[in-house]
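Q: Below are the chains, spelled out letter by letter.
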Amino acid sequence: MSLVQVDGLSVRYGARTVLSHVSLSVSAGEIVTIVGPNGSGKTSLLRAIIGAVKPFRGRVVHGSGVKIGYVPQKLHIDETLPITVSRFLKLPGGVAAADINQALTQAGVPDLSGAQLSQLSGGQFQRVLLARALIGKPDLLLLDEATQGLDQRGSASFYQQIERVRQDTGCAVLMISHELHVVMSASDRVICLNGHVCCEGTPAVVASAPEYRALFGTGTGGALALYRHEHDHGHDHGDHNHDHNTEAAE
Amino acid sequence: MLDDFMVRAALAGIGVAIAAAPLGCFVVWRRMAYFGDATAHAAILGVALSLAFSMSIFIGTMAVALLMALTVSVLSGRGYAMDTLLGVLAHSALAFGLVAVSFISGVRIDLMAYLFGDILAVSRGDLAVIWGGAALVVALIGWRWSALLTSTLNEDLAHASGIDPKGEQLVLTLALAITVAVAIKVVGVLLIAAMLIIPAAAARPLSRTPEGMAIAAGTIGTLSAVVGLRAAYVFDTPAGPSIVCVAALIFLASSMIRNFKSVR
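Heads up: the sequence lines are chains Z and X, in that order.
Every letter in the first sequence is one number past the one before it in our numbering, and letter 39, counting from 1, is 39.
Every letter in the second sequence is one number past the one before it in our numbering, and letter 143, counting from 1, is 143.
Treat the hints with care, since some could be wrong.
Said to hold, decoys possible - Partner residues aside, some chain Z positions facing chain X, computed with beta carbon under 10 Å:
hint : residue
1    : 46
2    : 50
3    : 76
4    : 84
5    : 90
6    : 91
7    : 108
8    : 144
Claimed, not checked - If you want the ones that stay clear, here's a sample from chain X, every Cβ over 12 Å from chain Z, calculated:
hint : residue
9    : 111
10   : 222
11   : 253
What the hints assert, rightly or not - List of simulated lysine to any residue pairs, SDA-like, C-alpha gap at most 25 Å:
hint : chain 1 : residue 1 : chain 2 : residue 2
12   : X       : 261       : Z       : 87
13   : X       : 261       : Z       : 84
14   : Z       : 74        : X       : 70
15   : X       : 261       : Z       : 111
16   : Z       : 74        : X       : 33
17   : X       : 166       : Z       : 77
18   : Z       : 74        : X       : 165
19   : Z       : 90        : X       : 261
20   : Z       : 90        : X       : 70
21   : X       : 166       : Z       : 13
22   : Z       : 90        : Z       : 136
23   : Z       : 54        : X       : 70
24   : X       : 261       : Z       : 114
25   : Z       : 74        : X       : 261
26   : Z       : 54        : X       : 208
27   : Z       : 54        : X       : 33
28   : Z       : 54        : X       : 75
29   : Z       : 90        : Z       : 79
30   : X       : 261       : Z       : 115
31   : Z       : 67        : X       : 166
32   : X       : 166       : Z       : 111
33   : X       : 166       : Z       : 62
34   : Z       : 54        : X       : 205
35   : X       : 261       : X       : 231
36   : X       : 261       : Z       : 116
37   : X       : 261       : Z       : 197
38   : X       : 166       : Z       : 114
39   : Z       : 54        : X       : 161
40   : Z       : 137       : X       : 154
Calculated from the structure, these hints are not laboratory results.
Glycine included, every Cβ here is placed at the ideal spot set by N, Cα and C.
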């Protein structure tokens with residue numbers, strides 16, 4: 001049984017169609033990554049899954065009793081709003097202190113519960129957001145470019161945390177990322193999105209698909225090589241440069 | 001006790017301060033200061049209409065304030081720059097209101113009383129309306145507190161928790177309209193936004209939690225009302241502006257405390 005099923009989903013903002021006929025499903029325990037250029041509708045897809053945007057066509061079906069934890073792209077906490085981490089994690093209500101501590105531990109930041117939210121570093125903040133998503137003991141975690149603004153070490157360690165969470169709790173993960181080389185190696189399945197689903201499959205299959213290469217141009221070689229690099233332990237520095245091109249091109 | 005006009009004035013000021021405190025916090029957190037201003041300015045049009053159709057000022061101002069707030073909410077998502085939109089709407093509403101008031105013949109009205117408030121002339125009936133309205137605002141915001149706070153932090157997080165941020169925005173809009181209608185007698189349309197924003201801003205450096213900030217804002221607002229009225233009596237100054245001046249001085253003091261803390 002799938003945790004969430006998206007059937008022929010189209011999303012429009014006014015006259016602009018951002019997603020058309022997107023279908024996908026996520027099964028228990030798998031890590032699925034969505035890649036795609038800017039404006040390809042990745043965030044809209046996640047927002048449709050949590051119900052923040054109404055489908056223009058098609059539908060989103062949640063498996064019965066499936067709990068979803070959502071980690072937003074970026075959260076700006078206004079300086080004017082004083083709030084501690086533990087108060088933030090209690091929202092919108094009815095969360096026991098023990099659950100908060102457990103979630104913070106799972107997210108790798110056990111000592112932050114008394115800190116002010118506005119004074120956290122980028123990496124701490126993303127982990128607090130992860131903790132918040134974990135509090136409801138979700139069956140499915142949704143992450144929208146959760147490592148934006150983190151340096152490479154920071155995001156690599158964040159993704160390791162995600163894998164650890166999956167091992168511990170068995171929850172499935174559906175995430176958006178632009179760091180192809182990092183996430184592709186950790187994913188069970190990759191979906192390449194550009195307004196519609198271009199191609200999908202295992203990381204290796206997607207990386208060699210012509211649709212994917214057409215989207216990511218010359219940088220593809222870099223992402224693919226880096227992906228292999230992590231598995232085959234190759235050391236080709238030219239490929240690193242290609243990888244930077246990918247990120248710059250996005 | 002209520003026979004003394006100073007006691008009635010103080011109670012009216014405290015009522016407004018209590019209603020304005022939690023709402024003012026949200027106005028500050030959500031950066032809605034201009035929104036509050038626009039809604040309040042529109043209220044003068046409500047005054048004109050109430051007088052023209054000889055209905056209750058409270059109902060008239062509340063209706064127009066609500067209409068204004070809803071208009072801004074609807075238009076804000078449609079490609080207008082927010083500050084331009086508010087600048088156009090707030091000041092046209094104020095201007096149309098002032099022009100409309102001039103058309104009302106037969107009734108001699110003291111426009112100053114609506115622009116700057118007339119807290120010393122608060123009657124027992126006004127007091128009932130003010131405290132009734134304040135209780136309604138506090139109940140409304142208290143009831144939706146967690147949902148409002150979640151929507152304020154992030155709309156997508158709210159959606160993921162099954163909260164509709166648009167609905168919560170509507171709650172705030174309604175509370176704002178009630179507060180404007182209630183406060184018009186006390187500080188007048190031009191200074192309502194001050195009662196919303198200044199106590200909340202002054203409370204910020206003294207608070208660690210959202211709830212603490214709302215309570216601190218209420219305390220600061222109450223203090224401003226009582227001290228401001230006393231000062232107005234002693235120095236023979238206009239009451240509404242005196243209240244706002246005291247609030248501003250408290251804001252100054254609290255900002256200095258924050259700077260002192262950060263230097264240490």
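Q: Hints first: check each against the structure and report whether it holds.
A: Hint by hint, here is what the structure shows:
| no. | hint | in the structure |
| --- | --- | --- |
| 1 | 46 | holds (8 Å) |
| 2 | 50 | holds (5 Å) |
| 3 | 76 | holds (8 Å) |
| 4 | 84 | holds (6 Å) |
| 5 | 90 | holds (8 Å) |
| 6 | 91 | holds (5 Å) |
| 7 | 108 | violated (20 Å) |
| 8 | 144 | holds (8 Å) |
| 9 | 111 | holds (34 Å) |
| 10 | 222 | holds (20 Å) |
| 11 | 253 | holds (18 Å) |
| 12 | X/261 <-> Z/87 | holds (23 Å) |
| 13 | X/261 <-> Z/84 | holds (18 Å) |
| 14 | Z/74 <-> X/70 | violated (28 Å) |
| 15 | X/261 <-> Z/111 | holds (24 Å) |
| 16 | Z/74 <-> X/33 | holds (24 Å) |
| 17 | X/166 <-> Z/77 | holds (19 Å) |
| 18 | Z/74 <-> X/165 | holds (17 Å) |
| 19 | Z/90 <-> X/261 | violated (28 Å) |
| 20 | Z/90 <-> X/70 | violated (31 Å) |
| 21 | X/166 <-> Z/13 | holds (17 Å) |
| 22 | Z/90 <-> Z/136 | holds (11 Å) |
| 23 | Z/54 <-> X/70 | holds (22 Å) |
| 24 | X/261 <-> Z/114 | holds (19 Å) |
| 25 | Z/74 <-> X/261 | violated (29 Å) |
| 26 | Z/54 <-> X/208 | violated (37 Å) |
| 27 | Z/54 <-> X/33 | violated (30 Å) |
| 28 | Z/54 <-> X/75 | holds (20 Å) |
| 29 | Z/90 <-> Z/79 | holds (20 Å) |
| 30 | X/261 <-> Z/115 | holds (17 Å) |
| 31 | Z/67 <-> X/166 | holds (23 Å) |
| 32 | X/166 <-> Z/111 | violated (35 Å) |
| 33 | X/166 <-> Z/62 | holds (23 Å) |
| 34 | Z/54 <-> X/205 | violated (40 Å) |
| 35 | X/261 <-> X/231 | violated (30 Å) |
| 36 | X/261 <-> Z/116 | holds (15 Å) |
| 37 | X/261 <-> Z/197 | violated (54 Å) |
| 38 | X/166 <-> Z/114 | violated (31 Å) |
| 39 | Z/54 <-> X/161 | holds (16 Å) |
| 40 | Z/137 <-> X/154 | holds (21 Å) |
Checked against the numbered hints given earlier, the structure breaks hints 7, 14, 19, 20, 25, 26, 27, 32, 34, 35, 37, 38 and satisfies all the rest.
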